[in-house]
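Chains as they are written, first to last, in this note's numbering: chain S, 96 to 207; chain Y, -9 to 215.
Warning: the hint list may mix true and false statements.
Stated by the list, open to error - From the derived model, a few chain Y residues whose C-beta atoms are all more than 10 Å from chain S: (1) Val5; (2) Trp88; (3) Lys153.
What the hints assert, rightly or not - Restraint ranges, calculated between C-beta atoms of paired labels, are given here: (4) Y/Leu130 / S/His150: 40 to 50 Å; (5) Y/Lys158 / S/Trp137: 20 to 30 Å; (6) Y/Pro143 / S/Phe181: 47 to 57 Å.
Read the hints as simulated data drawn from the structure, not as lab findings. The beta-carbon is built from N, C-alpha and C at its ideal position, and this holds for glycine as well.
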Amino acid sequence: MRFIHILVVLGALAGPAAAQDAPYHSPMRTTCEDELRKDKDWNKLLRDQLRAGVHEEDADLMLRNKQHVQYAYAAMWVLVAIFLGFLYRKQQGLRGEINRLQKELDEARKKP
Amino acid sequence: MRHKLFWPALALCAVLLPLSLYLIFHWAPVDRELLYSQKIFYWHVPNAMMLFVAVFVCGIASIMYLRNRKPEWDDIAGAAGALGVLLGAIVLISGSIWGRAAWGVWWQWDQRLTTSLLLWMLMLGYVLVRTYGGAGSERLAAGLAIFAMADVPLIYLSVFIWKTIHPKASVVPTLAAEMRVTFWLSTLLFTVLFALLIGVRVMIGRDARRLHRVREQGLDDGILE
């Protein structure tokens, strides 16, 4: 009984794989392939239609990538600009404060 | 007073920036697999390299400061630390956008990405401790900078130690000649920019110390309260 179970399981596992590996054949497919071989214009038409679709997909992907590239480039320079703005403000603030204090000290020293 | 190399470095940046733009977007070929998104590589990787340099400069200057307590070392460490936060943010954001384009996700808890995030958080912690830590916080921050330095080799080696989705660092020699030239020119641009920014930030540190001296002078003379 156990031997039969094993056989059934092995058969179930092997069955679909064998079916997948075998090339698919149908009368319709054979007819189409024959027609495509005979009719060069139809062959070209189908190829061109397919090519446009593939190019559109690639172009779309490239365009979407372009947007990502632009975002990444803009993000970098925005961060650098914020950093520079921060440095500029800090330096201006420090220099202003130094000058103010220095002036205050100089005036106080001049007084008798 | 500005360093004598400030204006030549700024002029070099002004020449290199449009040149790198031309090379990245017009001259370098589009990658067959990553298509246009591969262009992010030309500023993501140089910024990551500069981040590592910034963290090492910060760590080494911190060690020197802890050894001899010369404020000049602390100025350099503080400047490199602040720059580390900026570069870390650029690397993480550009990497995240590239990840979205290449892998379809904004973020992945990959070893390279996670250790990079950890480094950025350490550098942010360094700057926050220095800014809000009060008196003596620069010594505490110096310890943090040395700890952050230890994370750099871990980030670099993460792609070799663990199985990660991030590309390996050894990709540069395998690039096409035009891509390699573009990459190294972009790296030169960011190196000069890094040197410029660190120079400006060091000057701000010096101004802060000057202000402190003027205040103390005023207090000593009894002029200020």
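How the hints compare with the structure:
Distance to chain S confirms Y/Val5 as a non-interface residue, since its nearest Cβ pair spans about 17 Å, more than 10 Å. Against the 10 Å criterion, Y/Trp88 falls within the reach of chain S, whose nearest CB is about 6 Å from its own CB. For Y/Lys153, the requirement that its beta carbon stay farther than 10 Å from each beta carbon of chain S is met, with the minimum near 26 Å. The supplied range of 40 to 50 Å is broken by Y/Leu130 and S/His150, whose beta-carbon atoms lie about 59 Å from each other.
Between Y/Lys158 and S/Trp137 the beta carbon distance is about 48 Å. The supplied range of 20 to 30 Å is therefore violated. At about 30 Å, the beta-carbon gap between Y/Pro143 and S/Phe181 misses the expected band of 47 to 57 Å.
Going through the hint list in order, the structure does not satisfy hints 2, 4, 5, 6.
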